[in-house]
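Residue 166 in the numbering used here sits at position 166 of the sequence shown; the count goes up by one each step and never skips.
Each pair of labels, with its calculated beta carbon distance range:
| id | residue 1 | residue 2 | range |
| --- | --- | --- | --- |
| 1 | Val16 | Thr124 | 22 to 28 Å |
| 2 | Arg217 | Val16 | 48 to 54 Å |
| 3 | Met115 | Leu249 | 40 to 46 Å |
| 4 | Pro230 | Asp43 | 43 to 49 Å |
| 5 | Val133 | Gly15 | 20 to 26 Å |
| 6 | Gly70 | Asp7 | 18 to 24 Å |
| 7 | Asp257 | Val133 | 52 to 58 Å |
| 8 | Asn292 | Gly70 | 38 to 44 Å |
| 9 | Ala108 | Ala247 | 54 to 60 Å |
| 10 | Val302 | Ala121 | 32 to 38 Å |
| 11 | Arg327 | Glu13 | 24 to 30 Å |
| 12 | Asp106 | Ser290 | 37 to 43 Å |
Derived from the structure by calculation, the hints contain no laboratory data. None of these values were measured; they are calculated from a predicted model. For glycine and all other residues, C-beta sits at the position ideal for the given N, C-alpha and C.
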Amino acid sequence: MLDLAADLVPLLEAGVPVAAVTVTGVVRSAPRGVGATLAVTRDARVIGSISGGCVESDAVMLGLDALRTGRVRRARFGFTDDGTVTPISAGLACGGAVDVVAYRIDAAAALPALMAARAGAEATLHLDLEGDVLDLHRPAAPRLVILGAGEHAAALCRLGSAAGFAVTVCDDWALLVTRDRFPDAVEVVVAAPHEFLERFPSPDARTAVCVLTHDERLDVPALRTALRLPVGFVGAMGARATVARRATLLRAAGVSDAELSRLHSPLGLDLGGATAEETALSVIAEIVASRNDADARPLREVRGPRLHGSAGHAATPGDATLSCAVRTA
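Using the sequences and the hints, build the whole thing.
Encoded structure:
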């Protein structure tokens, strides 16, 4: 449920009754992992999902029943151990099963954690489910720092936020670095990029820095600083000639070959795109591939049992970091 915070907070603040259906267990393969949640309102507005679509209608009906009665409902969607379909469900196409719990969301109890999750902070929520307690936890979102405020930066901010990153945008051009231009960012900062990075709080392996300033006067000091931070990814846009010239300038500024080897530039995977949005997609794809130590091949070329969304791989970025458990109160 915490991964749905952006949609749930305004509904709950407005007093709209909402039920949630949360995955508490997975048997064999399933499209979504433990903690995945589908939420539904009385008028059947659906937020989120618990499968690839194969059991969503059953989950919605279970949620609506919990909303109508105020009672907690539990069910298993999918296949039984003998391979037959559970009575309530048409079954998961992947052959697995998911255990779920449906409940009406207590706004007073849930809002503080949901608001923290919406801001990208670590969030923990304990919900009373008729004698049991549902423990939900989501660590702080991975951070994406975008240096630059042009069209590519705006597109990258939108896609980065959609991919589950807490996005910060920084540039020294106040005319462009505005909340209206970057509504999906958790923070917009008007400052010299390298000075902002020098005071950036708690950089870690889940932080990605992308330099999109298109100005060597800003690029070089920003990259010199970024490459010396303990972040998981540093990338910079630029044509190949720009990349070569920038590398020369970085070495002249004291950046070592070992530090320079961390730089992803030109930035992005080769998707053949040309628009700002297509470029942003290629950048997010490279960041995610780097984070997961993946080679970004087409799945049809991948052999073995593990694909995204199965056998421990998360179908969405949040699944890999969500934790969920039901315990006796």
